[in-house]
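Colleague: Residue strings, one per chain:
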Amino acid sequence: GQQVMQIPQYQHVQEGEDFTTYCNSSTTLSNIQWYKQRPGGHPVFLIQLVKSGEVKKQKRLTFQFGEAKKNSSLHITATQTTDVGTYFCAGGNAGGTSYGKLTFGQGTILTVHP
Amino acid sequence: GAGVSQTPSNKVTEKGKYVELRCDPISGHTALYWYRQSLGQGPEFLIYFQGTGAADDSGLPNDRFFAVRPEGSVSTLKIQRTERGDSAVYLCASSPEWSQGESGYTFGSGTRLTVV
Numbered sequence: 024g025q026q027v028m029q030i031p032q033y034q035h036v037q038e039g040e041d042f043t044t045y046c047n048s049s050t051t052l053s054n055i056q057w058y059k060q061r062p063g064g065h066p067v068f069l070i071q072l073v074k075s076g077e078v079k080k081q082k083r084l085t086f087q088f089g090e091a092k093k094n095s096s097l098h099i100t101a102t103q104t105t106d107v108g109t110y111f112c113a114g115g116n117a118g119g120t121s122y123g124k125l126t127f128g129q130g131t132i133l134t135v136h137p
Numbered sequence: 039g040a041g042v043s044q045t046p047s048n049k050v051t052e053k054g055k056y057v058e059l060r061c062d063p064i065s066g067h068t069a070l071y072w073y074r075q076s077l078g079q080g081p082e083f084l085i086y087f088q089g090t091g092a093a094d095d096s097g098l099p100n101d102r103f104f105a106v107r108p109e110g111s112v113s114t115l116k117i118q119r120t121e122r123g124d125s126a127v128y129l130c131a132s133s134p135e136w137s138q139g140e141s142g143y144t145f146g147s148g149t150r151l152t153v154v
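As they're listed, the protein sequences go chains P and A. Position in the first sequence (from 1) plus 23 gives the number in my numbering. Position in the second sequence (from 1) plus 38 gives the number in my numbering.
I should point out that these hints are in silico values taken from the structure, not numbers from a laboratory. We put the beta carbon where it would ideally sit given N, CA and C, even for glycine.
Far from chain A by the CB rule (all over 10 Å, computed), these chain P residues:
# : residue
1 : P31
2 : Q37
3 : T43
4 : V78
5 : K82
6 : R83
7 : G89
8 : Q103
9 : D106
Now the in silico label distances, taken between C-beta atoms and shown as ranges:
#  : chain 1 : residue 1 : chain 2 : residue 2 : range
10 : A       : V154      : P       : G63       : 15 to 23 Å
11 : A       : K116      : P       : E90       : 40 to 48 Å
12 : P       : H35       : A       : V106      : 39 to 47 Å
For reference, chain P alone in the conformation it holds in the complex (with noise of 0.2 Å):
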């Protein structure tokens, strides 16, 4: 079955830092998600990429899709202790029924120290 890798599993970085995550998928996706959980909470939605090569931004978090559409990055710019969370990536199934269904990585835990 589809699996999606996440590295590293682990980030501690001093505010002001960049970090980046990675996002590899044993098949191609049709679509990627973001989401980010805090320690304690659930995962919130943020963002969704669907095109090859496609580049978005929001504020200091730029997401990318990779031309394979197999793998995918988040780079944040200049942390700040508000980034600290786990981030995820989700990808969805290219060419499955269930169009609905992602799956998960396990997750980046981002800590950033004052």
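Take the given structure of chain P and dock chain A to it, following the hints.
Modeller: Just chain A, lined up with the frame of chain P:
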């Protein structure tokens, strides 16, 4: 309602007992999903409803797990003969009818199930 509501927020049950977990999605959202999340892991897909029907139940681990959504709104996840390995946070999410648009899932706060 304004968000996805899940009840109870916490459930402690004895091994072998039956439990029901309830999810009330955002009004008008036709798609409803159940995931479960173990500590340190990403959400794991269980089942997905489009309207009243289960569009994909391939994630249900075995026949002890069953979910319904009889009127296309509220859903109940039912677990029979609970085992300690069923302990996890059960997350429900909803979304508008699936399209290639900009919407994602809206998750509820989850039900933390502990089987002792």
